[in-house]
Amino acid sequence: MERKQEVLQDVVIKFAGDSGDGMQLTGTQFTNNTALLGSDLSTFPDFPAEIRAPQGTLPGVSGYQLRFSSDSIYTPGDSLDVLVAMNAAALKTNLKNLKKGGKIIVNTDGFDTKNLRLANYPDGVNPIEDESLQGYEVIGMDITKMTREALKDYQMGTKEKDRAKNMFVLGFLYWMYGRDMNNTEKFLEEKFGRKPDILESNLKALRAGYNYGDTTETFTTQYKVEKAKIEAGSYRSIMGNQALAYGLIAASVKSGLTIFLGTYPITPASDILHELSKQKNFGIKTFQAEDEIAGISAAIGASYGGHLGVTTTSGPGIALKSEAMGLAMMLEIPLVIVDVQRGGPSTGLPTKTEQSDLLQAYYGRNGESPIPVISASTPSDCFEAVYEAVRIAVEHMTPVIFLSDGYIANGAEPWKYPSSNDLRTIHVSYKTELGHGETKFQPYQRDENLVRPWAIPGTAGLEHRIGGLEKENITGNVSYDPENHQLMVKIRQEKVDKIALNIPEQTLDNGPEKGDVLVLGWGSTYGVIKTAVESLLKEGYSVAHAHLRYLRPFPRNLGEILRNYKTVLIPEINNGQLIKIIRDQYLVDAKGYNKIMGIPITKTELVEEIKQLTSSRTATASI
Amino acid sequence: METTTAPAPNITLTPKDFATDQEVRWCPGCGDYSILAQVQKVMPTLGIPRENFAIISGIGCSSRFPYYMNVFGMHSIHGRATAIASGLKAARPDLSVWIVTGDGDSLSIGGNHTIHLLRRNFDVNILLFNNQIYGLTKGQYSPTSEENKITKSTPYGSIDHPFNPLALAMGADATFIARSMDRDPKHLQTMLSRSHAHHGASFLEIYQNCNIFNDGAFEVFTEKSSKANESLFLEHGQPLVFGANKEKGIKLDGFNLIVVNLNEGHSVDELWVHDESDLYKAQILTRMFDDPKLEHHLPRPFGVFYQAIRPTYEDMLTQQIQHAKDKKVADLDKLLRGNEVWNIA
Ligand code: SF4
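Protein sequence lines correspond, in order, to chains F and G. Under my numbering, the first residue of the first sequence carries the number 1, and numbering increases by one thereafter. Under my numbering, the first residue of the second sequence carries the number 624, and numbering increases by one thereafter.
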C-alpha cells in the first residue's frame, strides 16, 4: 500500500498508563531508539508515589514524556503532540496538556465501564465515544485484545499475556515513526534471555504492534524527524543519576582515590546506589547502611581512612545527616554529600521535583558551618558537576554538597560523552611524613588556601587526634579559648570563600552583556530558561541568561554581572531560595518567579513573566 | 613527652609511647583512668606499629579517650562512633580499629549502629564503658540504669526497664562477647588482648565506676569482700566455680541453673563446663543478670561468654571487589561510551 511520509521538526509524545502498564519501559526504549537516530531529545518521567496505586485510578497513572527534534532542545516540551493513553485515567490526567489537533492513541479496552468509573467519569460517559474529543485525532485500538490474539498460541495466563501490551504499543509507534526495532529486540533478549517464554511473547507483541500499523489501511502516514543539527561528535543517551554515578567513578579513576559510598535508599536518589553497586570492578565500595546517619558517618570514616567518602540522599535524609555534616566540616576532610531534591517539606512529594533544599544546604546546620554547594543543571551535566564537587572536596579538604533533583535524576538527554584523557586532573596529596624543620605534626597547619593536610592512619610519625570539639588553631588540640573560637570560625569561612579562586568565573549562557533583564537560574530550570530566553532574543528583547553551577562560594565576578542589568529575575521551583541568598550577598533587588507544584516551569509561563518585566520597565521609563 | 618519630619495626613499645601530652581530665577516682592504663599496657604488646591503631569514640565521658592515646584517633559525634568505625574499617582493613563508647552513646542514641555493626561483623573492638549513668550531662539515668533508680531526671525513680548489653549483643549475632571491670587490671588486660585477637566484631562490656554520679554501682562485683561470691570468672574448658575458696559451682539441670556447694557432697564433675563456642549456653550465661540485692541471686559472669568464627564484612567486601575486577576490566572510556552510541557529523 502507498504510504505518505511526513517530515516533522519537533515531536512531544507522552506514554501514559497504569503504573503496572510498563510505560516507563516503553518510554525509555522509544527514547533510546530515537537517540540512535541522532535527534536531540529531552525526557520527563513522572511516576505516582505509590509503587502500585490502585489499578485504573487517577493517582495510579504513570507517565513518560519524550520530546525529540531536529533542532537543539532543552526541555521536554510544554504540551503534547501525541498522547498514548492505556486507560481512561491516563487520558483524564493528561488531556489538558495535549495540543489542539494532537493525536490520542487509546487502548479502547481501558475505557470499559470499570475503568471509566475508576477514572471518575460520570455514569454513561465515555470520552472516546462522545463528542468531547472533537478537535483531536483519536486513534482507537483494542490493544488488550490484539495482544492476547497475537499470543494465543502461548501457554501462559491472560495476566501474563497482558503484560506484553506495552510492547504492542511500542511496536505500533515504531511503525508510525518509521523505525527499525533492533535496539529493543536486543534489549529484550538481554533482559529475558533466560526466560524464553516471556522473551518470545514480548517480541511477538512488539512485532504484532508494528505489523498492525503496517497492514491496516487506516494509517496512511508515517512520520520522520531528521537528525539534529547539534555539535559534531559521538553521543549516547544518559539519565541524571547515571551521569552522577559515572562522574564519581571518573573522579575516582582520575584521582586514584577509592570511592566509598555510604547511603540509605531514598527516592529519587537510590539509582545512584544501584549504579555504583554494579561497578565494583572499579574498586568502588558501596555500603547500604542501617540509616541515613550511618550512611554519612561511614563515609566520614572512609574519608578519614583515605578514601573519598560519598553519601547520597534526598531532602529528609539531609536533615538527618546535618550533625554529621557539621562534623565533617569541623574535621576538614573531603566528603561529597549528594542531595537529589524532591518536593518537601517533611516526606512531601517523594516522586515530584522541587528545588527544595538550597537553603537547607546553605544554612541547615548548627553553628557557623559553611559547606560549599554545587549544582547540576541537566541530566548529563551531573557528570561534570559532580566531578567538580569531588575535585573541590579533595583539593580543599572540605565536605561539598551536590544538588540535583528528581527532574534531572530521571530525565534523559543525548550526551556527548568525554574521553577520559580530557578530564581535568584532581590533585590528591596525603601527608606522608613530617616536613623539614617540623618536630611535631600540626593537623591544622594550613597552606595558602587555608587547606589543612590529609594525614591518614597508618602514617608513622603523624599520629594525631581530631574531633568535633573546637580546635586550637594549628595544633588541633581541644580549645575553649574565646579568641581562638572567633578566629577558627573566621578561618573556616575564609577557607570556603577562597574556593572562588579555584573555580571558573561566571559566564553568560546567552544574551547581551548589559541589558534589561538577566534571568539567573540554578539547577534544573536550565532548559526552560534557555528556551525562553532564546525565543525572546529572537523577538528582540533585551534579556540574558546566566546559570549557576557554583552556589557556594559564588563565582567571583557574579556581583559584577548582576549589576549590568536593570532587573534580575530568579525563577525557581520553590518559594524563593536562591533569591534570598543573592539579595543577602549582593543587595540586588532581584525578582522571583516561583512555581511550587512539583512540576517544572513551562516555557510559555516564563516567557510571559519575562515579557511583563521588560514591558513594565519600558512603561516606567517612558513616563 | 610525646614521641614524634615512628619506632622502627621490632622496637619494643612501652605504655609511655601510647600516652599523649594532653592532660587527662576525668574526675579524680573515675574508673576510666584504670581502663586507659590497661589499654596503654596492652597495645604495646600486640605487635602492631603505633600508627596502625585508630581509636574512634562518640560523645560522653569515656569518649574523651582518644585524646589520651598517641595513636590515630577521632572524637566524633554522639552515638556514631560505631558507624564511623565501620566505614573506616571497610576502607582500611589493615588498621586495628577500636571503638570507645559508653552506655548512653552505644545503647541509647547509637543503639542502632551498634547492633548493625555486630551483625555485619567488622573486625573492630568495641569497648563499652558501662557506668549505668549519664556522667557528662551530670547525672541522668541511662539505658542500663536499674529500675527505680533516683537520678536528676527520675526524682520519683526510673520506670525504664534497662538493657542487658550482652544479651542484646547476642541478639545481634555478635561473634565475640565478653565482660570485664575497671577494678581488675589483670582480667581487663586479658580481655583486651582477647578482643584484639578475635577476627570479627568484639563486644567487651567494661563495668566502670562513675564515682561522681553513680558511685559503687558495681561494688559488689569488684570489692574484695564480696567479689569472690558475687562474680563468676569464666574460663574456657573449666567448670563454673566461684566463692572465696572456689567452693561453689553452677550446675545445669535442663535450662535451670543450680548453685551447688562442692563441700557438701557435690563434685566438680557435675558442674557446667564453660565452652566459649556454645551459642545456646552463651545465651543462658548472658541472662545471668540477677539483681545482687535479691535473695538466692546468681553470681554475675565475667570473661569471654561467646566466640564464633564468621567472615568479616571487610573481608567479604574485598573479595567481592576482587571478583568483580577479575571478571571485568575497569575501562572508564568503555563505561562512558555505553552500548548505544550514535555519531553526528
Ligand atoms: S562524671 Fe563519672 S564517668 Fe564522667 S569523668 Fe567523672 S567520674 Fe568519670
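In short, the hints are calculated from the structure, not lab data. Computed from a prediction, not measured in an experiment: that's the story for all the values here. A couple of the hints might just be wrong.
Below, in silico cross-link-like pairs of lysine to aspartate or glutamate (EDC-like), each with a Cα-Cα straight-line distance of 20 Å or less [what the hints assert, rightly or not]:
(1) F:LYS440 to G:ASP640
(2) G:LYS957 to F:GLU275
(3) F:LYS280 to G:ASP956
(4) G:LYS957 to F:GLU190
Simulated coverage check for chain G against chain F, where a stretch passes if three residues somewhere in it have a Cβ under 8 Å from a Cβ of chain F [stated by the list, open to error]:
(5) 668-675
(6) 887-896
(7) 957-967
In this text, a Cβ means the ideal position worked out from N, Cα and C, and glycines have one as well.
Here's how the hints hold up against the structure:
no., hint, in the structure
1, F:LYS440 to G:ASP640, "holds (15 Å)"
2, G:LYS957 to F:GLU275, "holds (15 Å)"
3, F:LYS280 to G:ASP956, "holds (16 Å)"
4, G:LYS957 to F:GLU190, "holds (19 Å)"
5, 668-675, "holds (count 4)"
6, 887-896, "violated (count 0)"
7, 957-967, "holds (count 9)"
The structure is inconsistent with hint 6 alone, although it conforms to all the rest.
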